[in-house]
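Chemist: Each chain, letter by letter, is given below.
There are 2 protein chains.
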Amino acid sequence: MTEIDRTAGWAEAAVREHAAENAAASREEQVLERIDRARRRKARVKEEHITMAHGSGGKATQTLVEAVFLEAFRNPLLEPLEDGAVFGVGSSRLAFTTDSYVVSPLFFPGGDIGDLAVNGTVNDLAVCGARPLYLSAGFVLEEGFPVEDLRRVTASMARAADAAGVSVVTGDTKVVQRGKADGCYVNTAGVGLLDRPADLGVARARPGDAVVVSGPIGEHGVTIMLARGELDIEADLTSDTAPLNGLTAALLDASPTGVRCMRDATRGGVATILNEIARASGVAVVVDEDAVPVRPAVRGACELLGIDPLYVACEGRMVTVVAGPAAGTALAALRAHPLGEGAAVIGHVKDDPPGLVLLRTAFGGTRIVDVLVGDPLPRIC
Amino acid sequence: MTEIDRTAGWAEAAVREHAAENAAASREEQVLERIDRARRRKARVKEEHITMAHGSGGKATQTLVEAVFLEAFRNPLLEPLEDGAVFGVGSSRLAFTTDSYVVSPLFFPGGDIGDLAVNGTVNDLAVCGARPLYLSAGFVLEEGFPVEDLRRVTASMARAADAAGVSVVTGDTKVVQRGKADGCYVNTAGVGLLDRPADLGVARARPGDAVVVSGPIGEHGVTIMLARGELDIEADLTSDTAPLNGLTAALLDASPTGVRCMRDATRGGVATILNEIARASGVAVVVDEDAVPVRPAVRGACELLGIDPLYVACEGRMVTVVAGPAAGTALAALRAHPLGEGAAVIGHVKDDPPGLVLLRTAFGGTRIVDVLVGDPLPRIC
Chain W
1 MTEIDRTAGW AEAAVREHAA ENAAASREEQ VLERIDRARR RKARVKEEHI TMAHGSGGKA
61 TQTLVEAVFL EAFRNPLLEP LEDGAVFGVG SSRLAFTTDS YVVSPLFFPG GDIGDLAVNG
121 TVNDLAVCGA RPLYLSAGFV LEEGFPVEDL RRVTASMARA ADAAGVSVVT GDTKVVQRGK
181 ADGCYVNTAG VGLLDRPADL GVARARPGDA VVVSGPIGEH GVTIMLARGE LDIEADLTSD
241 TAPLNGLTAA LLDASPTGVR CMRDATRGGV ATILNEIARA SGVAVVVDED AVPVRPAVRG
301 ACELLGIDPL YVACEGRMVT VVAGPAAGTA LAALRAHPLG EGAAVIGHVK DDPPGLVLLR
361 TAFGGTRIVD VLVGDPLPRI C
Chain C
1 MTEIDRTAGW AEAAVREHAA ENAAASREEQ VLERIDRARR RKARVKEEHI TMAHGSGGKA
61 TQTLVEAVFL EAFRNPLLEP LEDGAVFGVG SSRLAFTTDS YVVSPLFFPG GDIGDLAVNG
121 TVNDLAVCGA RPLYLSAGFV LEEGFPVEDL RRVTASMARA ADAAGVSVVT GDTKVVQRGK
181 ADGCYVNTAG VGLLDRPADL GVARARPGDA VVVSGPIGEH GVTIMLARGE LDIEADLTSD
241 TAPLNGLTAA LLDASPTGVR CMRDATRGGV ATILNEIARA SGVAVVVDED AVPVRPAVRG
301 ACELLGIDPL YVACEGRMVT VVAGPAAGTA LAALRAHPLG EGAAVIGHVK DDPPGLVLLR
361 TAFGGTRIVD VLVGDPLPRI C
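Residue numbers (full-length UniProt numbering), protein chains in the order written: chain W, 1 to 381; chain C, 1 to 381.
Don't take each hint at face value.
Below, a list of computed lysine-lysine pairs in the DSS-like style, where the Cα atoms sit at most 30 Å apart [stated by the list, open to error]:
#1 W/Lys46 / W/Lys59
#2 W/Lys59 / W/Lys42
#3 C/Lys350 / W/Lys180
#4 W/Lys350 / W/Lys59
#5 C/Lys46 / C/Lys180
#6 W/Lys350 / W/Lys42
#7 C/Lys180 / W/Lys180
#8 C/Lys42 / W/Lys59
#9 C/Lys180 / W/Lys59
#10 W/Lys180 / W/Lys46
#11 W/Lys59 / W/Lys180
#12 C/Lys180 / C/Lys59
#13 C/Lys42 / C/Lys350
#14 C/Lys180 / W/Lys46
#15 C/Lys350 / C/Lys59
FRET-style restraints, in silico, Cβ to Cβ [to be verified]:
#16 W/Val373 / C/Glu148: 19 to 29 Å
#17 C/Arg228 / W/Gly144: 13 to 23 Å
#18 C/Phe107 / W/Pro146: 25 to 35 Å
#19 C/His49 / W/Arg228: 16 to 26 Å
#20 W/Asp162 / C/Ala163: 36 to 46 Å
#21 C/Arg335 / W/Ser91: 16 to 26 Å
Derived from the structure by calculation, the hints contain no laboratory data. All C-beta atoms, glycine included, are put in the ideal place defined by N, C-alpha and C.
Could you put together the complete structure from these sequences and hints?
Modeler: Written out as structure tokens, the structure reads:
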């Protein structure tokens, strides 16, 4: 990490780094101009009260995180705003991450809040390049919640932990009065060991890189929406919730130096991840709509719901940026793993226009894919 | 850790260990008989639904933890059911812990949910003998929660983290609909480094040890009850919420081998901690009521509320068991620290009756102090 990384804001650091490594003089001037603009345009929460959009994982969440949490807690480990923090202890490098889960309903086709809470934190560690080791589990229970449901949730967590090769080693239980929660909220935090030499980050994408997804997108989000039963749609869909640590390990073993970054595409979907990469790296991400794997049932439900699958959460899929020459090896490694069978190159990194995600549509046009605004699918995790 | 520790239940392991080290043959038989009884008497949750008592930190919480969480997640790191899990990474030993906070009201004299959430996790690490390093922060926000209140909470967390010398390095935000939470719930998890050679645990108390509290008890719990305004009591009280890592470090430096265990006396109060120690170590804890420091305002409020200060939560006090010969040194070390000025020896460890806490009352009688039953003070943290 450079000295600038330690003292400047995360976007600024990323852009400066890119400037230093990749740009010609005139390009560097543009970059510095962007830094100045970013400096002047400090994140501000305009709303006086929290809205559902603040939990979407999209634009409102990012603003809240930057204007409130980053502002309060600012430190060099938090500032990159990656899925987990990475630090050294003795001669080891560890990753540490947390997520709270408030999914509704608690039980849905393909999973429940329990395996979701385990897989989500396992995945946040895995995409940092870490081997997940230990999880904590914090429960907020509503008075009146059936003990049998709690047993189902914990049994599901135990199976998921077993499948991912992690242990739940510490925990906590709180109870709130009837009406002060929604059955059960679960928080997991996780510690993982960085035992591979990979150097990953959303600021590491470079022109010429390939953008890969590990399988069909949007299944988790659509499954949750349908499980609520508010829509008169029937579809044979299950959540994609799964632990990605086996897949990330296989990818890093196959291409130790070719992988620029990995991110699991949860709230805000693939589109939000791609925007984070484009901004942090100061590059353009160009996606071919035809190349994005989407199951017909997801596509159909999204059309009826009026939402773009690119914004719908997955809980067992990741977006990976790999150096162009490594794309073939990376894709083969992903496809050789049961959780990566449907992996596909969906686009490429270019240098212009920096900070933007462009979609080449099936009809031959091109449109900008922005960060998610609002929250069309609340409480999907 | 012995092999038995890795394969048997936590109470069993503790009792066996005690048997091996301390007991004569006849005593050992008694101990084995207790193990057999414990084996037959598996923890069972009798209720079909979660009640407020399951969040009290007392008997119902213990049963839920043993019957549901320990049953589902059973592993050697979780089984001791200490305040945090301890494991090795490379040549380092780390502690890892979590707590969720649902205190009501969110703001109270002396603190708020923010500093409580930081101090609570710092303290859980500190009483494991660890130096707290890094925290995670997970927020569950209710739609409509004032952004200004969130800023107050995060500012308070940042100040508390600064005071304790830790950093909040990773986080998460979820939003639930109006009426599905109570403003704001906070989870923190923490990682600390065991850089002192102490060997601590609730199963390590031995006859002849002294029991010490670090200051007047019950202030946090009573402050929260009064802050709710439901009682017509006025008292000049503030929460004792504080980071104990400076105090635990001072104590361990003063008496590296004399300290048997440290526990912060939160939910369930001092009485619950003493019961855990008595059971896990297979010893009797005898407390002198007159020796327990309780401020007059706390004593008065407790009398009006009809509760015993021994069951009321503190958030900046700890219970310590120290070897008899080390008691003087330990007490002096505690009293030399601003957060331990009011430290006092409140009792001693004896060998009979094993597993029980006895109180010598101010009137010269003796009564058993059991684990907290029910929850007279819900949501105090």
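Chemist: Hint says 16 to 26 Å; check whether the CB-CB distance for C/His49 and W/Arg228 agrees.
Modeler: Since C/His49 and W/Arg228 have Cβ atoms about 23 Å apart, the given range 16 to 26 Å holds.
Chemist: For a C-alpha distance cap of 30 Å, please report whether C/Lys46 and C/Lys180 respect it.
Modeler: Measuring from Cα to Cα gives roughly 27 Å; hence the hint holds.
Chemist: Quick check on a hinted range of 25 to 35 Å for C/Phe107 and W/Pro146, using CB atoms only.
Modeler: holds, 33 Å
Chemist: Regarding the pair C/Lys180 and C/Lys59, is the alpha-carbon distance no greater than 30 Å?
Modeler: Answer holds: C/Lys180 to C/Lys59 is near 28 Å, not above 30 Å.
Chemist: Is the Cα-Cα distance between W/Lys59 and W/Lys42 30 Å or less?
Modeler: holds, 14 Å
Chemist: Does W/Lys59 sit within 30 Å of C/Lys42, going by the straight-line distance between their CA atoms?
Modeler: Between C/Lys42 and W/Lys59 the Cα gap is close to 50 Å, so the pair fails against 30 Å, i.e. violated.
Chemist: When you check the alpha-carbon spacing of C/Lys180 and W/Lys180, does it fall within 30 Å?
Modeler: holds, 6 Å
Chemist: Between the alpha carbons of C/Lys42 and C/Lys350, is the straight-line distance 30 Å or under?
Modeler: OK: C/Lys42 and C/Lys350 at ~27 Å, within 30 Å.
Chemist: Hinted pair, alpha-carbon criterion (30 Å max): W/Lys350, W/Lys59. Please report holds or violated.
Modeler: holds, 23 Å
Chemist: Next pair to validate is C/Lys350 with C/Lys59; report whether the Cα-Cα distance is within 30 Å.
Modeler: Answer holds: C/Lys350 to C/Lys59 is near 23 Å, not above 30 Å.
Chemist: Taking the CB of C/Arg228 and the CB of W/Gly144, does the distance hold inside 13 to 23 Å?
Modeler: Because 21 Å falls inside the window, the suggested range holds.
Chemist: Against the range 16 to 26 Å, how does the distance between the Cβ atoms of C/Arg335 and W/Ser91 compare: consistent or not?
Modeler: violated, 39 Å
Comparing the model with each earlier hint shows violations of hints 3, 8 and 21; every other hint is respected.
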